[in-house]
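Fit the two chains together into the complex; they arrive one by one in their own frames, and the hints show the way.
Protein chains in written order, with the numbering used here: chain A, 11 to 344; chain B, 24 to 333.
Treat the hints as calculated values from the structure; they're not laboratory data.
All clues given are correct.
If you anchor each label on the Cβ, the simulated ranges turn out as follows:
| id | chain 1 | residue 1 | chain 2 | residue 2 | range |
| --- | --- | --- | --- | --- | --- |
| 1 | A | H171 | B | L252 | 17 to 25 Å |
| 2 | A | R167 | B | P105 | 56 to 64 Å |
| 3 | A | S143 | B | S194 | 40 to 48 Å |
| 4 | B | A221 | A | H318 | 36 to 44 Å |
| 5 | B | V71 | A | A164 | 33 to 41 Å |
| 6 | A | T38 | B | L189 | 50 to 58 Å |
Covered stretches of chain B, as calculated for chain A (at least 3 residues, CB under 8 Å):
| id | segment |
| --- | --- |
| 7 | 214 to 224 |
| 8 | 237 to 247 |
Just so it is clear, CB atoms sit at the ideal spot from N, CA and C, and this is done for glycine as well.
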Amino acid sequence: MANVAVAVAEVVLEVADLCTDFAVGRQTIRVVDRVSFSLRRGQTTAIVGESGSGKTVTALSLLQLIEPPGRISGGTIRYRGRDLRPLDETAMQQVRGARIGMVFQDPLSSLNPSLRIGTQIAETLLAHERISSAEAERRAVELLVRVGVPDAAARARDYPHHFSGGMRQRVLIAMAIACNPEIIIADEPTTALDVTVQAKILRLLHDLQQAMGASLLMITHDLGVVAALADEVVVMYAGRVVERADVDRLFHAPLHPYTRALLDCAIGLDDDRSTPLTPIPGAPPDLRRRPAGCQFAPRCPVAIAKCHRLDPPLLPMNPGQDVACFVAQGDADG
Amino acid sequence: MVTTSLSEPAAEPNAEAIAAELGTVDAPVIATRRWRLAAFTRDRAALVASIFLLIVCAAAVLAPWISPYDPNVASGQLRFAPPLTPGHILGTDEQGRDMLSRLLWGGRISLLVGLVPVALASAAGLVLGLVAGYAGGIIDQLIMRTLDVLFAFPMVLLAIAIAGVLTPGISTEIIAIAVVLIPYVGRLARTATLGVVAMPFIEAARAAGASRTALLARYITPNVLPPLLVYATTLIGLMIVVGSGLSFLGLGVQPPTADWGSMVSEGREVLATAPFVTLLPGLVIVVVSLAFNFIGDGLRDALDPRSARR
Numbered sequence: 011m012a013n014v015a016v017a018v019a020e021v022v023l024e025v026a027d028l029c030t031d032f033a034v035g036r037q038t039i040r041v042v043d044r045v046s047f048s049l050r051r052g053q054t055t056a057i058v059g060e061s062g063s064g065k066t067v068t069a070l071s072l073l074q075l076i077e078p079p080g081r082i083s084g085g086t087i088r089y090r091g092r093d094l095r096p097l098d099e100t101a102m103q104q105v106r107g108a109r110i111g112m113v114f115q116d117p118l119s120s121l122n123p124s125l126r127i128g129t130q131i132a133e134t135l136l137a138h139e140r141i142s143s144a145e146a147e148r149r150a151v152e153l154l155v156r157v158g159v160p161d162a163a164a165r166a167r168d169y170p171h172h173f174s175g176g177m178r179q180r181v182l183i184a185m186a187i188a189c190n191p192e193i194i195i196a197d198e199p200t201t202a203l204d205v206t207v208q209a210k211i212l213r214l215l216h217d218l219q220q221a222m223g224a225s226l227l228m229i230t231h232d233l234g235v236v237a238a239l240a241d242e243v244v245v246m247y248a249g250r251v252v253e254r255a256d257v258d259r260l261f262h263a264p265l266h267p268y269t270r271a272l273l274d275c276a277i278g279l280d281d282d283r284s285t286p287l288t289p290i291p292g293a294p295p296d297l298r299r300r301p302a303g304c305q306f307a308p309r310c311p312v313a314i315a316k317c318h319r320l321d322p323p324l325l326p327m328n329p330g331q332d333v334a335c336f337v338a339q340g341d342a343d344g
Numbered sequence: 024m025v026t027t028s029l030s031e032p033a034a035e036p037n038a039e040a041i042a043a044e045l046g047t048v049d050a051p052v053i054a055t056r057r058w059r060l061a062a063f064t065r066d067r068a069a070l071v072a073s074i075f076l077l078i079v080c081a082a083a084v085l086a087p088w089i090s091p092y093d094p095n096v097a098s099g100q101l102r103f104a105p106p107l108t109p110g111h112i113l114g115t116d117e118q119g120r121d122m123l124s125r126l127l128w129g130g131r132i133s134l135l136v137g138l139v140p141v142a143l144a145s146a147a148g149l150v151l152g153l154v155a156g157y158a159g160g161i162i163d164q165l166i167m168r169t170l171d172v173l174f175a176f177p178m179v180l181l182a183i184a185i186a187g188v189l190t191p192g193i194s195t196e197i198i199a200i201a202v203v204l205i206p207y208v209g210r211l212a213r214t215a216t217l218g219v220v221a222m223p224f225i226e227a228a229r230a231a232g233a234s235r236t237a238l239l240a241r242y243i244t245p246n247v248l249p250p251l252l253v254y255a256t257t258l259i260g261l262m263i264v265v266g267s268g269l270s271f272l273g274l275g276v277q278p279p280t281a282d283w284g285s286m287v288s289e290g291r292e293v294l295a296t297a298p299f300v301t302l303l304p305g306l307v308i309v310v311v312s313l314a315f316n317f318i319g320d321g322l323r324d325a326l327d328p329r330s331a332r333r
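So that you can see chain B by itself, here it is in the shape it has in the complex (with noise of 0.2 Å):
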């Protein structure tokens, strides 16, 4: 899932495939939230991944407060100081700019661009499912073969297309990730839905006299959302990736704005004489990228009822 080639960004997940892996299909998701919780701890992986993310967070939130120096200004005439100079502990970069500034500055960027689409298409794709799974027939038709459009677009090519189209910046980026996403998430949502809407539990549920709201809201929903989570958690990564590769082709936000994808693109003139410059984004990247999939997994395993250990 997680690639550091940035023009090539994203692999495309297939949603089916992974539904299929989640187990959505035949079994829905049985947990207890205490082990829950205690199967996620118990996966070292998925443990330091989250420790590790949420130092990340906090130091992108806390940038304009820990940030030695402002990202966007050269400070002092030093110029691809390396890492470890003294006053600049990761170095600058070609304009003077101190690195570790703009990685705290640029992580509230990437790390929005990477959560923000994710939370929306998973909110919007979550809807669009649940009413094709549920309802069925023309709706249904109607709605998959509406996604099946977007879907046949290469993810990223349809991201710059819509990016290219709005003003660059910010929430251009968000939007057009967050739409290009709503397929994915919405035909993951509608298999989970109709694995559940098969299961003996929601004829049991109608023959006590369940409403429709009822059902959605009490027997589908809560049993499509623990795989969709799973799913989103996985994507979360992917779009750093691809939120990057936006920024890079300068349809993400503008300079001087830091933001990682941005970072490497300007480093990749000078790699020769100062890779950090460009590795040191890229790293960021693949490891914030890296501990999201392994969170992901973690939530997989703990949610996965063949897994359950007590």
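Bound conformation, chain A alone (with noise of 0.2 Å):
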């Protein structure tokens, strides 16, 4: 994809070093641990990962949606120069649903079943705009409009309890831009749906950010979805970034092993099934019990002795492409 285009590109968020611990008991347990990304202007990054990885409690950390005994602990979050950390709750409320839009994973339960769903939009649109309910319900149903709900003026008046998963998708991606947020954060949007609706929501988030010149970021443990939509991809490994590169670099000359072992767990379509796929061996480590070193390096089939003691730094490796990992970044001294 754009490749030239990244490097121009405004930034309009940078994450650096961010850190979110959850206190469990007496213990303090790192989940996202100095993480650092930036998100382009029209662009699309994506933040992939195992399970537990720390996607989803990146993304809610970036709207300080962090509940104690959660608590983002470090890190800079800065949306156009302007660090949000600092920010209470009163100004985060005006960033959130208005600068930065966030479309949930399980559509089902993330409308409020008491709510209509036009009055429902409305209620994101009244939080950040001076405007009558009147306005705030006609522009819900152009909303809905725009994200493809059929017989919107309708449907407006139902009950989320009355749409398809496929469609309440669609409600929330209209909650999610309602505003015209500059930046949409999709946490798996398509998990619990069906594979033809998933292409479909894919589509039109593709569609709209195109046409509202937004960021989008994109939290997926689907390479596909990688594949298809991100311009940028982050890979996470237990709460760290482990690679950062742009998408064509990722899946044609990824540098961590993890990156190369996640690529290989994909099922493509033209594999041939005498192929075996090929798991990970082991399991993400306890956070509660991090190795000291690469987290990744019990699993790792390329480790060497410091990988065991040291944490690798992320370096930049090529143009675009960022890793942390002493053997990729030709540190074969263990």
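Rendered as structure tokens:
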């Protein structure tokens, strides 16, 4: 995709060394560990990783939706150069929905069952704009048209349980884009949907993002989604970024052993059935008892002694590709 | 839930069990107004109960106009006239007062004692439960432990204690019952709030920039209210029984004012010779309480998404 554009597009959101901790009993576990990436205008960035790799917590941290016992413990989240972290709850309410819209994973339970669809979208508009509720309801119908809900005027008066999963996800997308945010975060937006619906929702997200010129942060474990939509990919493992690369580089020249293993796990349509799938041996570390050094080292086929002692820093290797791996960085001095 | 025994009027309603039964914890109520009504009217028992209660309430309200005699004054020489006596269709009591008139006037008190304390306690319990469930932490602990203290007393004993401290009368009775009910409603409201707050749509609303006020008013309360409404409805029947119990013990309205409970109480001495004096008001209490329970059941089914038929 547009590799040239990546270099020039303006950075809208810059996340640096973001840390989020959760208190479990007397222990504090670091779920998001020094995560850095940036979102560029009109571009799609995907965060990929296994369940529990800290993808969703990263997304929620951007909006400061982390509830106790969780806590954002470090780093900066710069939106247009201004750090969002010192903002209080009231100030963050002005950012959420207005500047950064979010689409959630489970469309079935992400809508208030007791509010009509139109009213629900209107609530988001009313939270951010000084308009009458009649005007908000009217714009809600427009938004439903825009996200492809047929017979929008009538359906705006329905309740969520009258909608199918795919239609509910369209409604959630309408809520996320209601105030023309510059950033849309989509947390596994298609995981709970039928395969046939997934493609339509992804297409819709992509088209809206292009039309709005917004940045899309796509959180997913589906490499197919990444290949189809993303410009840049952030690979997370055990709460850390292990590789960050332009999408072409990531698929054709992955540097981190974990990225390679992840790609080997993916099922392609033209795969020969005789080639067995290659699952990654072992399991992600227990965050309460993180191993020293590289978190992937215990499962890594190419780990060297140093990997078990020291954290590999995330360093640029090629233009548009950073990796956190001693071996990939050519450091073979065990 | 309904019991005819007046000295032991209430099986203690367990708010948490009811919350679980109502399904508030895992799935908040999902319904449209249109089929809420449709589902409710499809439930024959609830429909019949509602019509019956409407008639009973209308009769009580209209008592000053439709009651054939003064409820507190003996009408002629007839004492213990059996039901169907000409002029006294439900008979007369030990003082020769017309039973029908006393039942009509008594309904005004008994229904009031059923409805008002439940309404008061529901409002107070809803606020306390919402605050406790939403705020959490120390505020939650403070509210819930206070309610637990009230909980520790048997329901009727506490009502008797409160009513006993204040001067007997209908307002005392209402206050006593309302105070006793608050922990039950409060606990249910808190449980329901916790269930709703954990739902993804709350996080989604926050992500869309909803303020705390908007969350409480538009997202949490509307989803806590339906199970509370169902619970309150079943409580009304129960509280008529409790109120009758207080009157029976002389802690409610004072003679000669009639309420259904005091009528049962007055009739007990002549139970062997004129059983209808006790049985008639007793029967009314049972049937009215049952009717409220049927309505509660009907509401629960109508508001439960899992019973949704379209």
